[in-house]
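Trainee: Which chain is which? The protein sequence lines are A and B, in order.
Residue 19 in this note's numbering sits at position 19 of the first sequence, with consecutive numbering throughout.
Residue 53 in this note's numbering sits at position 53 of the second sequence, with consecutive numbering throughout.
Calculated directly from the structure, the hints in this document are not laboratory data.
Since we're looking at a predicted model, the values are computed, not measured.
Yeah, the Cβ is synthetic: ideal placement off N, Cα and C, and Gly gets one too.
All the given hints hold, so there is nothing to weed out.
Which residues of chain A face chain B? A few of them, derived with a C-beta cut under 8 Å, are:
{"hint": "1", "residue": "Gln50"}
{"hint": "2", "residue": "Leu90"}
{"hint": "3", "residue": "Glu106"}
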Amino acid sequence: DGGITQSPKYLFRKEGQNVTLSCEQNLNHDAMYWYRQDPGQGLRLIYYSQIVNDFQKGDIAEGYSVSREKKESFPLTVTSAQKNPTAFYLCAALSTVGTGELFFGEGSRLTVL
Amino acid sequence: KNQVEQSPQSLIILEGKNCTLQCNYTVSPFSNLRWYKQDTGRGPVSLTIMTFSENTKSNGRYTATLDADTKQSSLHITASQLSDSASYICVVPEANSGYALNFGKGTSLLVTP
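Make a model of the complete structure from these sequences and hints.
Mentor: Structure follows, in structure tokens:
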């Protein structure tokens with residue numbers, strides 16, 4: 001089935017460690033996004049990519065990094081510079097055809113111990 | 001600044017009752033408006049996409065309306081079920097950019113027996 005796969009579903013990290021969250025899509029969509037979701041808050045944009053080898057910072061990019069070496073993959077690295085990384089992270093892919101179907105992954109919950 | 005405002009922030013209803021969620025937006029120019037359902041700990045799932053020319057669209061017990069003149073949308077849930085308990089998110093893309101997405105903070109709905 002077409003969709004977006006995020007892994008891992010749950011991740012625990014010690015302070016000072018970098019972690020990478022995986023996002024893979026088989027929808028052939030050009031645009032991909034990473035969002036952070038905290039309790040009681042809306043989705044906040046971390047990074048987005050419109051095309052391979054290109055990406056732009058979102059509203060809360062500090063402490064995060066991404067790469068887009070393949071159309072299917074858009075991994076997010078949460079670095080030790082991110083002061084409050086415990087959150088629920090969502091990856092999404094947007095079709096630029098027609099009205100543009102927007103699909104989300106199932107999310108990754110990161111907890112810093 | 002393009003904004004999407006949802007109300008109420010939270011809502012509790014009895015199983016079998018109807019309810020209506022609101023979404024007001026200031027995004028311009030407008031191309032489409034999307035409603036998503038997000039179960040706790042899961043990724044958002046699309047309910048409807050409404051374009052400028054559509055006033056009403058149904059998806060089972062979910063009916064979305066759009067008034068592009070007043071920039072308001074509503075999501076009506078009929079004969080609520082316990083499984084309707086979730087967060088409902090309104091998303092309005094920016095027409096010119098094709099990639100910029102504006103999210104409401106969501107309405108948290110709890111359906112009780």
